[in-house]
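Residues -16 to -1, 1 to 335 (mature numbering (1 follows the signal peptide of the UniProt record, and there is no 0)) make up the sequence shown, in order.
Since the hints were made in silico from the structure, they are not lab data. Ideal Cβ placement from N, Cα and C applies to all residues, glycine included. Hints should not be assumed to be uniformly reliable.
Below, simulated DSS-like cross-link-like pairs (lysine-lysine); rule was C-alpha separation at most 27 Å, straight line [to be verified]:
hint: 1; residue 1: K262; residue 2: K138
hint: 2; residue 1: K16; residue 2: K332
hint: 3; residue 1: K16; residue 2: K138
hint: 4; residue 1: K16; residue 2: K330
hint: 5; residue 1: K262; residue 2: K16
hint: 6; residue 1: K262; residue 2: K109
hint: 7; residue 1: K268; residue 2: K131
hint: 8; residue 1: K138; residue 2: K116
hint: 9; residue 1: K131; residue 2: K332
hint: 10; residue 1: K255; residue 2: K268
hint: 11; residue 1: K268; residue 2: K138
hint: 12; residue 1: K16; residue 2: K109
hint: 13; residue 1: K16; residue 2: K255
hint: 14; residue 1: K109; residue 2: K332
Beta-carbon label-pair distances, calculated as ranges [said to hold, decoys possible]:
hint: 15; residue 1: E87; residue 2: E55; range: 18 to 24 Å
hint: 16; residue 1: G17; residue 2: I246; range: 17 to 23 Å
hint: 17; residue 1: E113; residue 2: Q317; range: 37 to 43 Å
hint: 18; residue 1: A79; residue 2: R9; range: 42 to 48 Å
hint: 19; residue 1: E185; residue 2: A83; range: 54 to 60 Å
hint: 20; residue 1: K261; residue 2: I324; range: 24 to 30 Å
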Amino acid sequence: MAALLLLLVPPVGLLAALAFLARPRGARVPLKGRHVLITGGSSGIGLSMATAAAREGARVSILARNAARLEDARAAIRAATGQDVGVLAADVRDAAAVARAMEEAGPVDVLVCNQGVFVPQELEKQDMEEVKWMVDINLMGTFHLVKAALPGMKARARETGLPGSIAMMSSQAGQVGVYGYTAYSASKFALRGMGEALQHEVIGDNIRVSLIFPPDTETPGFEEGKFFTSPLAMAALYMHFVSDNILWLIPEHKRRPELTNIIAGSSGGMKADDVAKKALAGIKSGRFIVPCNFEGAMLAVATAGLSPQSSPLMAFIEVIGVGIMRFAALCFQWNWFSIIENYYAKNKKHG
């Protein structure tokens, strides 16, 4: 269909049509003088985003579970920017605690749901408590935050006449499933559906939804060699190591299944400050899909589907690029399945 459309419509005409069709309409979401609340804000991407937003003159609040680390983050932001920030200690799995924290913080203009945890393992071997733990934090925690923040956000948008923003930190593992990421990918893919439906629900209130898809990101806990045998022990200590959307309990190359390392281990990572910069730029431009690197931009085209698109230019790239990207995706899948088949054939032979 896309190829037929390109044959029938000149590029200029196609761009004009896409400018009419692109929805929701583009909007700038200013940060200066507005209340920006960032979860997972005590380290990693969350801390980098909070620091950058404070530099732009936003009134920043950061939410995490560990009060001591929140105070350390507050001091770091104050030293870097000269601005003070609000700190809120709450477990995002606890809806009542999140509601109390939101009431304490006051109405929010920009909500960044950046909390998340990650434990890679094949589903057959993974304890269901670990699966539930990831889903509760990565997905249900986002529901709790958005649910608690929405009434105040709608009121602020009416009062100021400026668009609000709800940003959800997904992952490139929320765009494509990879061996060993079954539970994690499920929790991050779910944010896509939540975001698409939510954008329909809140566009009438002048609120934009953004989904951010970072790759593996260098974090304070990336080189840690810690191992916890109990999910409850991990839960108790996760705020020590959580940075963006990934919890590095032990170095990923050591914890990930061998096949996962073979398939995904060559993917390049990013620094937290660089991801934060891309994320804030996407939020301020009101983009629904916010990739963080070239690989992410290609994934965004390949997985565009029925997602909202406010940019006619990006819509044009998606229309002309989707066929090529689908072919590339099939090549990647062929390679991955070949790796899996060869791995099991080799292990069976040696077994």
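Query raised in the report: Failing hints, ascending?
Result: 2, 4, 6, 8, 9, 12, 16, 17, 18, 19, 20
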